[in-house]
Structures are given as structure tokens and as C-alpha cells.
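Q: Protein chains in written order, with numbering that gives the first Met the number 0: chain R, 0 to 538; chain B, 0 to 316; chain Y, 0 to 303.
Careful, some of the hints might be misleading.
Claimed, not checked - With a straight-line cut-off of 30 Å between C-alpha atoms, the simulated DSS-like cross-links for lysine-lysine are:
id, chain 1, residue 1, chain 2, residue 2
1, Y, 228, R, 48
2, R, 182, R, 444
3, B, 64, Y, 142
4, B, 16, R, 496
5, R, 496, B, 159
6, R, 182, R, 364
7, R, 303, R, 119
8, B, 220, B, 309
9, Y, 228, R, 45
10, R, 258, R, 242
11, B, 64, R, 258
12, R, 258, B, 159
13, R, 401, Y, 145
14, R, 263, R, 496
15, R, 45, Y, 108
16, Y, 227, R, 401
17, R, 242, R, 454
18, R, 401, Y, 68
19, R, 401, Y, 142
20, R, 48, Y, 227
21, Y, 227, B, 64
22, Y, 108, B, 26
23, R, 246, R, 182
24, R, 48, Y, 238
25, Y, 139, R, 45
26, R, 182, R, 337
27, Y, 68, Y, 139
28, B, 309, Y, 108
29, R, 401, Y, 228
30, R, 242, R, 476
31, Y, 68, Y, 238
Source of the hints: derived by calculation from the structure; they are not laboratory data.
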Amino acid sequence: MRKLIATLLALVMVLSVASFAMADEEPIVVTVFRGDPGDQPTSDNKIYKLIEEEFGITFEIEFLAGDLDETLGTKLIGEDYPDLFDGGNSAEKLINAGALINLLDYISEEKTPNLYNHIKDIKDDIVDAEGNLYIIPNYGITYNAQIQNACNGPAFFLQKQVLEWAGYPQVKTLNEYFDLIEKFIAANPVDENGNPYEGFAILCEGWRHFCLINPVQHLMGQPNEGEVFINRETAEVETFINKDYAKPYYKKLNEMFNKGLINKDTFVMNYDQYIAKLSSGTVLGMFDQTWDFGPATDALNAAKMYKNTYIALPLVYDESYGFGVISEQYLNGAVPNKDRGFGISVNCEYPERMINLFENLLSDKWQKILQWGIEGEDYSVVDGRMVMTREQYEQRSDASWKMANMATAIWESAPKKQGTQDDGNAWAPADQGEIYFELMNDYDKAFLAAYGYKKPADFFNAPCELAPWGEAWQIDKAPINDDYNDFLLIQDQELPKIIMSADDAEFEANWTAFVDRIAPSAAIHDEFMQAEVNKLIGK
Amino acid sequence: MNKTVVNNQVLLPKKKKKLWKTLWDQKYLLLMSVPMLLYVLLFNYYPMWGWRYAFQNLDLNTLKKGADWIGFENFVWLFGREDFLMSIRNTLAMSLINLVLGTTTSILLAILLNEVRTRAFKRTVQTVTYLPHFLSMVIVVGMAQNMFISNGVVNTLLLKLGLIDEPLFFLGEGKYFWGLVGVINVWKEVGWNSIIYISTMTSIDPTLYEAASIDGAGRFKRILHVTLPGIKSTFVVLLIMNIGHLMEAGFELQYLLGNPQVYDYSRTIDVFVMEYGISNGKFGRAIAAGMFKSLVAIFLLFGANFIAKKLDEDTLI
Amino acid sequence: MTAMTVKKKRGQKRDIVFPFVNGLILCILMFVTLYPVLNTVAISFNDGTDAVRGGIGLWPRVFSTEAYKSLLTDEQIYNAFFISVARTVITTVLNVVLTSMLAFALSRKEYVLRGFITLVMVLTMYVNAGLIPNYLLISKTLKLSKTFWVYIIPTMFSCFNMIVIRTYINGLPEALAESARIDGANDLRIFWQIIFPLCTPVLATVALFVAVGSWNQWFDTQLYNGSKKNLYTLQYLLKMKLATSMQSMNAANTSADALVNSTKSTPITIRCAITVVSAAPILVVYPFLQRYFVTGMVLGGVKG
Numbered sequence: 000m001r002k003l004i005a006t007l008l009a010l011v012m013v014l015s016v017a018s019f020a021m022a023d024e025e026p027i028v029v030t031v032f033r034g035d036p037g038d039q040p041t042s043d044n045k046i047y048k049l050i051e052e053e054f055g056i057t058f059e060i061e062f063l064a065g066d067l068d069e070t071l072g073t074k075l076i077g078e079d080y081p082d083l084f085d086g087g088n089s090a091e092k093l094i095n096a097g098a099l100i101n102l103l104d105y106i107s108e109e110k111t112p113n114l115y116n117h118i119k120d121i122k123d124d125i126v127d128a129e130g131n132l133y134i135i136p137n138y139g140i141t142y143n144a145q146i147q148n149a150c151n152g153p154a155f156f157l158q159k160q161v162l163e164w165a166g167y168p169q170v171k172t173l174n175e176y177f178d179l180i181e182k183f184i185a186a187n188p189v190d191e192n193g194n195p196y197e198g199f200a201i202l203c204e205g206w207r208h209f210c211l212i213n214p215v216q217h218l219m220g221q222p223n224e225g226e227v228f229i230n231r232e233t234a235e236v237e238t239f240i241n242k243d244y245a246k247p248y249y250k251k252l253n254e255m256f257n258k259g260l261i262n263k264d265t266f267v268m269n270y271d272q273y274i275a276k277l278s279s280g281t282v283l284g285m286f287d288q289t290w291d292f293g294p295a296t297d298a299l300n301a302a303k304m305y306k307n308t309y310i311a312l313p314l315v316y317d318e319s320y321g322f323g324v325i326s327e328q329y330l331n332g333a334v335p336n337k338d339r340g341f342g343i344s345v346n347c348e349y350p351e352r353m354i355n356l357f358e359n360l361l362s363d364k365w366q367k368i369l370q371w372g373i374e375g376e377d378y379s380v381v382d383g384r385m386v387m388t389r390e391q392y393e394q395r396s397d398a399s400w401k402m403a404n405m406a407t408a409i410w411e412s413a414p415k416k417q418g419t420q421d422d423g424n425a426w427a428p429a430d431q432g433e434i435y436f437e438l439m440n441d442y443d444k445a446f447l448a449a450y451g452y453k454k455p456a457d458f459f460n461a462p463c464e465l466a467p468w469g470e471a472w473q474i475d476k477a478p479i480n481d482d483y484n485d486f487l488l489i490q491d492q493e494l495p496k497i498i499m500s501a502d503d504a505e506f507e508a509n510w511t512a513f514v515d516r517i518a519p520s521a522a523i524h525d526e527f528m529q530a531e532v533n534k535l536i537g538k
Numbered sequence: 000m001n002k003t004v005v006n007n008q009v010l011l012p013k014k015k016k017k018l019w020k021t022l023w024d025q026k027y028l029l030l031m032s033v034p035m036l037l038y039v040l041l042f043n044y045y046p047m048w049g050w051r052y053a054f055q056n057l058d059l060n061t062l063k064k065g066a067d068w069i070g071f072e073n074f075v076w077l078f079g080r081e082d083f084l085m086s087i088r089n090t091l092a093m094s095l096i097n098l099v100l101g102t103t104t105s106i107l108l109a110i111l112l113n114e115v116r117t118r119a120f121k122r123t124v125q126t127v128t129y130l131p132h133f134l135s136m137v138i139v140v141g142m143a144q145n146m147f148i149s150n151g152v153v154n155t156l157l158l159k160l161g162l163i164d165e166p167l168f169f170l171g172e173g174k175y176f177w178g179l180v181g182v183i184n185v186w187k188e189v190g191w192n193s194i195i196y197i198s199t200m201t202s203i204d205p206t207l208y209e210a211a212s213i214d215g216a217g218r219f220k221r222i223l224h225v226t227l228p229g230i231k232s233t234f235v236v237l238l239i240m241n242i243g244h245l246m247e248a249g250f251e252l253q254y255l256l257g258n259p260q261v262y263d264y265s266r267t268i269d270v271f272v273m274e275y276g277i278s279n280g281k282f283g284r285a286i287a288a289g290m291f292k293s294l295v296a297i298f299l300l301f302g303a304n305f306i307a308k309k310l311d312e313d314t315l316i
Numbered sequence: 000m001t002a003m004t005v006k007k008k009r010g011q012k013r014d015i016v017f018p019f020v021n022g023l024i025l026c027i028l029m030f031v032t033l034y035p036v037l038n039t040v041a042i043s044f045n046d047g048t049d050a051v052r053g054g055i056g057l058w059p060r061v062f063s064t065e066a067y068k069s070l071l072t073d074e075q076i077y078n079a080f081f082i083s084v085a086r087t088v089i090t091t092v093l094n095v096v097l098t099s100m101l102a103f104a105l106s107r108k109e110y111v112l113r114g115f116i117t118l119v120m121v122l123t124m125y126v127n128a129g130l131i132p133n134y135l136l137i138s139k140t141l142k143l144s145k146t147f148w149v150y151i152i153p154t155m156f157s158c159f160n161m162i163v164i165r166t167y168i169n170g171l172p173e174a175l176a177e178s179a180r181i182d183g184a185n186d187l188r189i190f191w192q193i194i195f196p197l198c199t200p201v202l203a204t205v206a207l208f209v210a211v212g213s214w215n216q217w218f219d220t221q222l223y224n225g226s227k228k229n230l231y232t233l234q235y236l237l238k239m240k241l242a243t244s245m246q247s248m249n250a251a252n253t254s255a256d257a258l259v260n261s262t263k264s265t266p267i268t269i270r271c272a273i274t275v276v277s278a279a280p281i282l283v284v285y286p287f288l289q290r291y292f293v294t295g296m297v298l299g300g301v302k303g
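Just chain R, same shape as in the assembly (with noise of 0.2 Å):
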């Protein structure tokens, strides 16, 4: 009997064995979940298409509608799991909940020496504490030189049109920046149409609110690390909203609101107010990220309106506030974006073919047509140089375009390749010096001219190495949620109040009722992060 039954085992193992290998050849169909929202690709799909050709995949999408979390609950806990599972912002959640297949079992330099070599430098950032991985950076892992053409990120923005004014100055400082600002607005109040200039703007709603709380750690000369100062030596960690070094900031802010440079409404305005006041060209200056206004640059720049628009500038507290000599460090080194991308989930039939897939689509011929497209036809090769009309470019912003010729569900979380290619082409089409140079319009080429630089980032010092820890703005704040639920909302109710102040006398009452409130989630802030932080450099 036992013998019978190992026999019949044995029998099952080869005949699945035997199917495994033919699955290989056999054409099928991936699920996949995307966490987040995207659009369907068309039936004829041309990249889709090469795919199928070429490892006999089709995949049947399913993108992020509604929330997140609540979709991924669902999914967890009625098992309910695709092939390829990319968990957004939230994909600690699949890990936690063991939905995930460990990575590393499959990878090897042998098999898969692309993936192998990918993440090798990085291995022992991205991989979890018993030494598994479960995804692969779908972004952030740099081959050869990192490409900045511009500031992406923070940064303090200033209409180019108040530079040109003043004679294209050099402006570093905070108080450079304000007196300037002051000085534009008291020469001209109205712009070309009679409507009144508003000095600085501060986008303080919801998650947007880093414009208002984040400001002082790059005035102190530090990258982004969201609601932390970090010095970089002892990696010690401090909340620094609340500290002295953060207070002449929010007193200058003050100072502004009293001279009438900041309106009230700037505190209750939503994203879409913002947007539209920024784009009708009457603000000269905020603090925000680039990509955060894109709307606005859109609108200014099809209204040729390319003197309202925003040069990005690292400004730092000059001398005088008595911190020292500051130098500026707005641009960081690329963060691998740990724990997103694609993971592959245990209901999957075929991991190998999964793995095998991301493999093949990280080689150079396939990474090519992922972010470029097809020779030919999407861009072309001038000595040497892969290079896009405007036309092929802008089409690559349009979406019925995009679904029916490029793979962008796929292409997103996957492994990709970016920096710069061995030859010295640009992995993205965006960093291609010559593409982002044809884009450029005549009033931006003068603007720089006149400053002497090729590219917007040339404001700003080189980025510098990434630290240890990454970005500090990543780390995942659920374990401490309500109390950091807290800690930002006493930000946002106090800070509006200090810097609406009437006087000097209520500002230091704000002040002072401000750093008492929020002392103690700061502290729980303060510690969680600190423990975070040693965390992540193996302390």
C-alpha cells in the first residue's frame, strides 16, 4: 500500500514536473493588481502585443479605484490575491499578511543575472529583517550617473519675471528672497491686468501640508527627510517644528502676513484654489514641490505666460540668525523605493515565469522599448544619440495614446533601469539633454542665459549621497498613527494662528502655547522615528 502510494507521488511529481516545463511554451494569463489608478490598455496594444509574442503572456488588469487600504483588506482577507501584486503605498500590508512569494529564493547570478546585478549593491537595503524579499524597487536603483535637469522636488519657487526685475540677482537667502519680493511687489502692485499681486503663497491642505511644515530643515541645510532633522554624523533625530531654529522662520512668515504679503485665505484654500491662483499668474512665491503645482506650469506655460512661471531656488537662514554659515543641500542621491513595485503572490501557478519575465523585460533590448518605445517609429538614433521629435514627445502625455502604445501598467512596478545607459544615452526620454533642450522656450533659454546656466538645477549644489536610511519622509507611521495623527494636526492648527500673530507680543504667546501642545506627540514622534532610523542603518 505505502508503496503504491509513493509510486502514485512520485507519478504526480513527474507529470507536474513534466507540465511545468511544457507550461513554459504554453501561453497564459497573468492577473495583476495595480495600486493605483491607471486606464486599461487598448485590445491592440503594440508593446502588449511584443510581450505576447515573444513569452506568450497576456495580463488581465485590475487597477486601484477606491481606497487602498480598504481594497487590499478586502483582498487579504478573502484571500483573493492576482499573480502579480503591487500593493502601492500600502504593500507592507501584503508582506505582513504573507501574501507574497520570498524573491531571492528564485534569484541567482547563474539564472538571472539581470535582476542578480540590479540589486545587488542594494540587497541589504531592501531586504526585510529575516533577510527575504518580497519586491523590487520599481524605482530609485541608478545605473552609471544620476540625471538632473531640474529641481523635482522641494524647494522655494519664485516668479522668474521678479528676477528678471531686479537684474537676474543671486538669491540664497530666506531674507534675499523675502526683501525681494517686498521690494517687486512695492514697485509693481498690480500686474498687467489691474488684479493685485499676492506675495507668498502656503498650500496648507491635507496632505499637502508640507508646504507649511516642512520648509525649516532645508533653511538649516538639510535634503528631505519630511518632519525630522537628522545630522548626518550621529544620525541623531529630532523633530523641528517645535524647535528654536524652526521659530524665526514662522516669525518671518509673520512679518509678511503683517506687511499684507500673505493672505489669510492662503490657510483655507484647497488644492484647486491654489492651482488656479498660482496659474493666473498673480503669486510670486511659495514653498512647495515641483510637481506638486504641474497643473499651474501647464496652464502658465499654454497661456505663454513664461514670466509667471517658477524657477526653483535652495534657500538656506543667512548668518545673521546666528546659526552659522548654511549651505544648502536640496537635491539628494536616488532612493530605491523600497518595498513597492511588484511582488509575486503565493496563489501564483508560476513564479519561475514570473520572475523569468521580469528577468528578460530588465535587459537593455527590452528596457528600450519599455521607456523609449520602438526605433522608428517613437524615437530615433542620431549618431549615436536616441533622440524624439516634439511631436513624438508630447504624445507620450496623451492617454488614449498611451493605451493603445505603451505598457505603462506593466513598465511601473516592474524593475526598471534609470540614469544613463553605458553609451551614455538617457535611460528616461525625460533626462535626454537634448530632448529636454528642444522642449525649452525662448524666454527659459534667455532666463538662464542671463544667470549663466545650462539647466534650471544649476541654482542648486550637486546632490549628495543618499544616507543610510534613506529618505526619512518613507518611514511608515502606522505603528504610532494616532498620535502622529495628532502631531500633525496641532501643526496645522497653530501654525496659521502663529503666523497670523497681530503682534510680536501674541506671536510669542502663539508660540509658546504652540510648543507646549504639541510636546508630547512630539516626543512619541521623536522616539519612533529615532528607533526607525537605527533600524534602517543596522544599529
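Following the hints, complete the assembly by docking chains B and Y onto the known chain R.
A: Only chains B and Y this time, still in chain R's reference frame:
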């Protein structure tokens, strides 16, 4: 004591027999209602075992492993938060305002429409006024914000009329918030809410109006003595139902219109639960809050129903 | 004689003033409620990039149909529209028939289970088990996910509507049902042949509520049919489009993308276009339903 037992023994078989006979007589009524009873037992009551999560530390991490029993910890946490108590106050205040404003305006609109004799005009008004119901809250709130900012229509108008010297900070001061919510809700829903009263008015016997006219009743008397009594039972039933819903003041409007400057007045229970329960995956906490809301709702419902019964009005149950 | 004329005149005068004032009030109300609607339509036909600047009134500033194009050129939209129509029609018919049948049964004062069933039904409006138990029931126990029936079966009954119909039936003259019973009709026939037709105004109202609710529903698609492209409803698809356009706006656009100024649809115009696209079918159907509840001829006719 003894007597009742004896009585019961005597009466029970008879009663039972009678009941079976009644049930048999009412077989068609049973046929029309019992399947629906089973339906709601399955779809509405069976999932109620989920309420046990209110006593567990259920979140996304414990979802699969199984959560632990933690007694009343979720409730203790909720009621220990001053801002949760504040959100109960805000919820009740805003839903009361909505109830009063919403009901009166929609009845008023229905009456005014009922008095219109030109059929085309009546239909046009009706169609136009219900349209805002279909606008998404995001759009409506966006428009309202543009109207109420310092240099918006409302402030400009008030300044021109000389009612104020300086623009009011409608969106940034808590004292205005409940009023804004009331106005926006009426604006968006008055037409839609009046549909039910308009359709009820069609059931009023036209001869009643004629009789009233012959008796010399003027227009206002006719409204008072014919139209209003005609919609009274609908009004009472809807009122009882809505009193049960007082714990629901809405979510989206407050979430979109509110900002940290007015949180003390804008946060409803649902907004609070979103921020401290759902968005963090703390389902146990969210379910505890939901359970609390349900219990209060049932209490309010029975209270209102009881009062209506005492007043000899139509009742819900 | 003179006194009577005076009285008559005064009466006439009043009858001119009231309709005038009434008409004026209703016209103002129409303007106030029409403005946001027309504004939405105007924005939906505006160029997306231009629309982010705000300040659009009743007419588009830079005319464009980009937003509609990006919504309607998707090959999936026809299938989604069909699914939406199918679910709305089937749900509405089933819901109205079943709900009104129950309302009739519960309106009968002599019905023994009346109190009990009413209580059970009414409580459903106030107790909610939460998302997860409901999800498990429908997708695991009943295995309705990834099927069309998940749109129909869980939405066949609404207590609110049942109460509304019951209240209406209670208002009908008792004598109608009574005389039928004397003629030997059973309850089913009384309901179907007498009460049901008499309830047309309220049934039209309830049908409107159910249809609008079903038509606007997208959450069930997300929860149960998100991986089934061919079962997407129109609302789900539209919501997806909006989410995508907001996503692409928030996404870390590279610096070069900021230099491209092609005309685009933006979340602002897409949201407005979605409102128009999803409300339009209801606007088309509405007048047919409205006939029944604006003019109360049905009852008067029967009684006369």
C-alpha cells in the same frame, strides 16, 4: 398567580389553533412578506456577527492571524478622546440643522409647486431644482468655497449692502461652519427632497380642494386645511425615520469643506472614524464607533416612534 | 350687490398677486440651482489646462471637447454602458415589485406578522455590520463576486422605499380593497390589480430613487468585479478615469513633462464631464417618470 396559569392552560390550545387558521387565511400576505424577511435576515442580519470585531483589536495585521479579544478597549479609547465627544456634538448639531432646514424647505417648495397651475412651468421648476442632486460633492464644495472666500460673491455683496465693514472669514472660523453646511445641503437637495412630498400631494382628493373653496376658504386656508393634512402622515413617518438618522450628518461635505482651522466644529463622527480608524486599518475601532451609532439610532428611533404613538400620529413601526 | 363685487374683486386681485410672487420665488430658486449645473456643463466643455485657472461662469472660456473625448473614446465604454443599463433596469423592476408587495402586506392591519416584520425591516436602516462581513458573505459564502448577479441580488430591497410606499397605501381609501375582498379576490389579486396600479405616483418616485441609486453605484464593482473588465459599469469606468487623471497630475512628473504644453483634459474638466455623462441618461428618463407624480390624475380618475 394560580389563576393565570389555569387561564393559560385553558386558552393556549385554542389560541394556537386560531393562529394557524389566521396564518392560513393570510397565506398570500405571508407569501408576499416572508421571502423578503428571509432576504434581510441573510443580507442584513447574518453579517452582524461582524460586530464582535468591536471587542477585538482587528486591524490589517491581525486580519488573517485572527484578532484578540480586548473587551471594551475600543469604546474606552473612543470616549476617552475629547475630540470624539466633540464630533458627536458636531454630528448632532449639523444633522438637526439639516433636518429642520431640509424638511421645511422641501415642504415649502412642494407647496409652492403644488399651487402652480401652468403645467409646463411646474415641470420645468421641478426638473431644474432637483438637478444639483446629481452634482458631486467635490464640485459643489468647490463652488461654495469660491463664493465664501474673502473676495467671493457673498462677502462682496455684504460689503456693498453695508452690512459689514470687513470681509467675514467664513471658511476659517468655526462659528460659521454649521450654517454653511446647512445652506449647502439645502441648495443641493431641496428639489430632490421635495419629490416625495410632491408625489404624496397627488394622492390628495381634488374634491377636498373644491369643497374647501365652496366653503369660502382662501388659498392659504386651503393649504393649511387640505394640503398640509394630506402630507402629514408622510411627514411624520419621514420625521421619525430621520430622527433615527440623527447620528448621520454626512461625511463628504464636512471632509471637503472643513480645514484644521475649523476642525472643532467640522469633524463629524464619520470624519473622525475615517482619520483614526479606517485610514489606519483599525477596523475594530471603526466598528465600535459604528455600533455605538447604531445603538443610539435605535434608541432615538424608538423614542420618536413612542412619542408619535402617544400623539396618536402615524408611526413607523 | 356692491359688497359682493368688491369682495370678488379683492379675491381676484389676490389671485393675481400670489401666482406672481410664487412664480418669482420659484424663478429665483431655479436660477440659484441652475447656476452650478450650467457652470459644471461649461467647465466640462472647457480646455482642461485653461480650466485650472478657475473663474469660468456659464460659458466655456476656451472651448474643447477633450474631456469628453478622453472619457468616451475608450473601447470599453459601450460594454460598460450596457452593463449599467442592464443592472439599473433589472434592479429597478425587481426592487419596485418586491418592495411594494411587502409594503402592501405590511399595510394590512390584520396581518399577524405585521409588527414583527416591520420592526425587523426598519432596523436594517440603522444597523450596519461593516464592510468586511458583508464582503465575506457576498463573495465567499454566496460566491457572487465576478458575476453580474452581484449587482442585482444584494440590492433587491430597500426599507426606506418600503415605508414610503406603505405610507401611501395607508392613505388610500380602505373601501377599495374591502369591496374587492367581498367580491372574493385574494390578497395577491387585490395587490396586483387594485393597489399596485393606484400606487403609480409613489411607485414612480421609488423607481426613480432605486434607478438613480443603482445607476450611480460603483462601489460594488470595485469590491467584487474589479478584475473583470467586461463586467465594469459605466460609473466604475468613469470613476477610474477621474482617479487616473488625478494620479497622473500628482505623479512625480519629470521636469521635461512640465515643458510640454499640449492641450490636456485635467481632473477639473473630467470631473465635470463625468457629471454630465452620468446624469444625462437620468435626465432623459426623468420626464417619463415625472408625468406620474406631478399630475395626480390617477387617483382622481378612479374616484370620479
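Q: Compare the structure with each hint and give your call.
A: Results for each hint:
1. Y/228 to R/48: holds, 18 Å
2. R/182 to R/444: holds, 26 Å
3. B/64 to Y/142: holds, 23 Å
4. B/16 to R/496: violated, 76 Å
5. R/496 to B/159: Distance of about 29 Å is within 30 Å: holds.
6. R/182 to R/364: The hint is violated at about 55 Å.
7. R/303 to R/119: Violated, because 47 Å separates the two Cα atoms, which is more than 30 Å.
8. B/220 to B/309: Within the cut-off at roughly 28 Å; holds.
9. Y/228 to R/45: holds, 19 Å
10. R/258 to R/242: holds, 25 Å
11. B/64 to R/258: Judged against 30 Å, a Cα distance of about 59 Å means the pair is violated.
12. R/258 to B/159: Holds, at roughly 26 Å.
13. R/401 to Y/145: holds, 28 Å
14. R/263 to R/496: Holds: residue 263 of chain R and residue 496 of chain R sit about 10 Å apart, inside 30 Å.
15. R/45 to Y/108: violated, 68 Å
16. Y/227 to R/401: holds, 21 Å
17. R/242 to R/454: Cα-Cα ~35 Å, so violated.
18. R/401 to Y/68: holds, 14 Å
19. R/401 to Y/142: violated, 36 Å
20. R/48 to Y/227: With a Cα-Cα distance of about 20 Å, the restraint between residue 48 of chain R and residue 227 of chain Y holds, given a limit of 30 Å.
21. Y/227 to B/64: holds, 29 Å
22. Y/108 to B/26: Judged against 30 Å, a Cα distance of about 15 Å means the pair holds.
23. R/246 to R/182: Holds, because 24 Å separates the two Cα atoms, which is no more than 30 Å.
24. R/48 to Y/238: It holds: about 27 Å lies between the C-alpha atoms, which stays within 30 Å.
25. Y/139 to R/45: Roughly 37 Å separates the two Cα atoms, so the pair is violated.
26. R/182 to R/337: violated, 46 Å
27. Y/68 to Y/139: Distance ~39 Å between residue 68 of chain Y and residue 139 of chain Y Cα, so the pair is violated.
28. B/309 to Y/108: holds, 19 Å
29. R/401 to Y/228: This hinted pair holds, its Cα atoms lying about 18 Å apart.
30. R/242 to R/476: Within the cut-off at roughly 21 Å; holds.
31. Y/68 to Y/238: holds, 15 Å
In the structure shown, a violation is registered for the earlier hints numbered 4, 6, 7, 11, 15, 17, 19, 25, 26, 27, in ascending order.
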